[in-house]
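Can you make the complete structure from the sequences, with help from the hints?
Top line first, the protein sequences correspond to chains A and B.
In this text, residue positions in the first sequence follow the working numbering: the first is 1, and each later residue adds one.
In this text, residue positions in the second sequence follow the working numbering: the first is 465, and each later residue adds one.
Check before you lean on any hint, since a few could be wrong.
[As the list claims (entries may be wrong)] Okay, derived cross-link-like pairs now, DSS-like style, lysine-lysine, Cα gap no bigger than 27 Å in a straight line: (1) K56/A - K138/A; (2) K252/A - K664/B; (3) K704/B - K607/B; (4) K620/B - K637/B; (5) K711/B - K454/A; (6) K216/A - K56/A; (7) K725/B - K216/A; (8) K711/B - K698/B; (9) K3/A - K14/A; (10) K138/A - K216/A; (11) K216/A - K14/A; (12) K620/B - K569/B; (13) K252/A - K319/A; (14) K275/A - K232/A; (15) K3/A - K56/A; (16) K444/A - K470/B; (17) K620/B - K527/B; (18) K444/A - K698/B; (19) K711/B - K232/A; (20) K275/A - K319/A; (21) K232/A - K470/B.
It should be emphasised that the hints constitute simulated quantities derived from the structure, not laboratory data.
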Amino acid sequence: MYKTTAQHLSYNFKTLANSMAKATPARSGDYLAGVAASNNLERVAAQYVLADVPLKQFLNEALIPYETDEVTRLIIDEHDNTAFSAISHFTVGDFRDWLLSAEATTEKLSAIASGLTPEMVAAVSKIMRIQDLILVAKKCRVVTRFRNTIGLENRLSTRLQPNHPTDNAAGVAASILDGLLYGSGDAVIGINPASDNLEATARLLHLLNDVIERYKIPTQACILAHVTTTLKAIEQNVPVDLVFQSIAGTQKANESFGINLNILDEAHQAALGLKRGTVGNNCMYFETGQGSALSANAHHGLDQQTCEARAYAVARKFKPLLVNTVVGFIGPEYLYDGKQIIRAGLEDHFCGKLLGLPMGCDICYTNHAEADQDDMDMLLSSFAMAGGNFIMGIPGADDVMLNYQSTSFHDALYIRQVLGLRPAPEFEQWLIGHEIFNNHNQLKSITEIPALFKASLHAISGGQ
Amino acid sequence: MPDVKKPVIAFDPWHPLNQLTPARIGLGRAGMSLPTRANLDFQLAHALARDAVHIPLDFNNLKIKLDNLSYVSQFLQSQADNQSNYLQRPDLGRLLNEQSINVLKAIESLQADAVIVVADGLSSKAIANHAIPFLELLVPALKAVDYQLAPICLVKHGRVAIGDAIAEHYQAKLCITLIGERPGLSSPDSMGIYFTYQAKAQISTDADRNCISNIHVNGLSYEQALTKLLFLIKGAEQLKCTGVLLKDETSDKAIDQLDGKNFLLN
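See below:
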């Protein structure tokens, strides 16, 4: 079935998984896994083959056996045939053409989301150019709510990420203040703790809770500890808004993270029970990234982008507030350079959005990747054009705890100006009310610390 | 002449808070963007971190310094034959190339208690700056407890696991690998130490190792790193293993454990 001839050479890709891997635009992780096309012609041949695969075939040919992988079981068992029926006669190529057409409206895309499997959207993304990925994703709208409303049209939110190498409370507070005064933090104020233990996590959860309550900030807090640590914090009545977890697209990769669907379900139910959201109850925050399955030697011969899309099936089950693809963190073994990172970020956003997820992107790179700030500017600009829900906000783009570079508070202000994107409406009102933003989506020029924070800062400057 | 005023950089009144964190806060802005100076400061830090990855380690210079200390050493190389290959193929960086295997085979006396491996890793600067001063503390400390040492193995394009095959070759109990860590903007020359008990090629995994990370001027000092390593060596001799079962229980005075007050709640 997966055969074609190109330039008098015949190709037989044998399986759907193999056809998808060979059709994937070049990236180092697939070479490392030994699943990539061996040359450009083979890649295009596989793309021709993939374009002719009926979408129905994805329901008949599991890429990882149903019996051995709970993510496959989740995908098959929860597939919505009624939603799928509208497009069930398409091939992958037809699907691309339809997605690009005016027929595929925001409403229709929402209506088919539950009928799509991760493999279908991964497959179609492999035969799309960057402009296709942007155009179609821009038509998708996924809105989520906890203490504010994220993902509305012409809005872009930011996760304020005030990490500190030793979780020092004063250091964390300094970065939080810097971020808030630059208009950052409506997606979440989220800290990666330097050490993943209950004591440190509880201390930071209290810190964020106290700040959010004291200043009545319409946002939510998260400490990005392991889900089991957060569960223990909930049991001890520590204030938990969002439950965080890194997830992947195969059961074995999730096991390497020390999780399974049952643990995630338990955590989701526990967080729902706290009823801490004021305008909605989306209370999960997931992070993903291409390469994580291979890195755990748990990719089952799949390409890394297909594994990534399968992680979105896991995310979808728990109605998250935020899903963040941490695209360039993993290093050049998986995404070699700016070109590969940019495409991967836009693929992930496209696939997640088609599946109905509130996608954000940690637009980032490490210093051993062939990437720099210019590459990040390209991805940031394209990601915002594609209607991404949120990005990171890190002081000066330099995460001093995790040792990588992401987007800064200034970067968010750049893209807000260029594309007229506003923060979440509740947060925007808070910024305007406290004289941080003016009514034109701009930072106010200030010579003094805003009244809201003056008393706190007076106390420390007086004490020094 | 047109009336264009010199641009005004908006200064952040909370700028003095930057004493509380190494994070780049209170940078100010030109319009909404990063002012020229802050932008160039970032580019400088990135250039240093990039160069740390891409400037090759001067192995000959390293060997001369070891010779001057009368420490016996030898060159080895992984199967990654260039830097680009090294970055994209971690599997090749874990394997010795044929020439290196032959170098080891040619050595007559093969038994040692401990093997010290020095690999360039992801930061040549880390090794160039920190390997020699650390070895000047480590080698005498190991000799003081009567460990028989193999020649110090200087490995080009090596990943952590490349020490396993070397240790196995010498039938060594202890494999101590010094390696350049993934460089950050604020720590481009950070050295790490990985310690594996009875390392075996293709068998030992990361779960079987202990790691001492962040050895650089603003991180762990050589003395602190040595204290930790000697503690782990002693523990490994008792437990007959390294890895998740062996915990580092030395106190971390180097790292600021003070819980600074959250001034936002004043």
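Hints and how they fare:
Restraint check: the Cα-Cα separation between K56/A and K138/A comes to about 26 Å, which is no more than 27 Å; the hinted pair holds. Annotation: proposed proximity of K252/A to K664/B holds, straight-line Cα distance about 25 Å (limit 27 Å). Straight-line distance between C-alpha atoms of K704/B and K607/B comes to about 20 Å, which keeps the hinted pair within the 27 Å bound. Only pairs whose Cα atoms come within 27 Å are accepted, and K620/B paired with K637/B is accepted, the gap being roughly 23 Å.
Between K711/B and K454/A the CA atoms are separated by roughly 45 Å; this puts the pair beyond 27 Å, and the hint is violated. Proposed proximity of K216/A and K56/A is contradicted: the alpha carbons are some 50 Å apart, above 27 Å. Of the pairs offered as hints, the one joining K725/B and K216/A holds, with about 20 Å between alpha carbons and a cut-off of 27 Å not exceeded. Taken as a hint, the K711/B and K698/B pair is honoured in the structure, with Cα atoms around 11 Å apart against an allowance of 27 Å.
A distance of roughly 7 Å separates the Cα atoms of K3/A and K14/A; the hinted pair therefore holds under the 27 Å criterion. For the hint pairing K138/A with K216/A, the CA-to-CA distance comes to about 32 Å; that exceeds 27 Å, so the pair is violated. For the hint pairing K216/A with K14/A, the CA-to-CA distance comes to about 59 Å; that exceeds 27 Å, so the pair is violated. Restraint check: the Cα-Cα separation between K620/B and K569/B comes to about 18 Å, which is no more than 27 Å; the hinted pair holds.
At most 27 Å may separate the alpha-carbon atoms for a hinted pair to count; K252/A and K319/A meet this at roughly 22 Å. Distance restraint check for K275/A and K232/A: the Cα-Cα separation of roughly 17 Å lies within the 27 Å cut-off, and the hinted pair is therefore satisfied. The straight-line distance between the Cα atoms of K3/A and K56/A is roughly 18 Å, inside the 27 Å bound, and the hint therefore holds. Straight-line distance between C-alpha atoms of K444/A and K470/B comes to about 20 Å, which keeps the hinted pair within the 27 Å bound.
Restraint check: the Cα-Cα separation between K620/B and K527/B comes to about 13 Å, which is no more than 27 Å; the hinted pair holds. This hinted pair does not check out: K444/A and K698/B have alpha carbons roughly 60 Å apart, beyond 27 Å. For the suggested pair K711/B and K232/A, the alpha carbons sit about 23 Å apart, so the restraint of at most 27 Å is met. Note on K275/A and K319/A: the hinted pairing holds, with a Cα-Cα distance of about 15 Å set against a maximum of 27 Å.
Restraint check for K232/A and K470/B: the C-alpha separation of about 56 Å exceeds 27 Å, so the hint is violated.
Violation of the numbered hints given earlier is confined to hints 5, 6, 10, 11, 18, 21; the remaining hints are satisfied by the structure.
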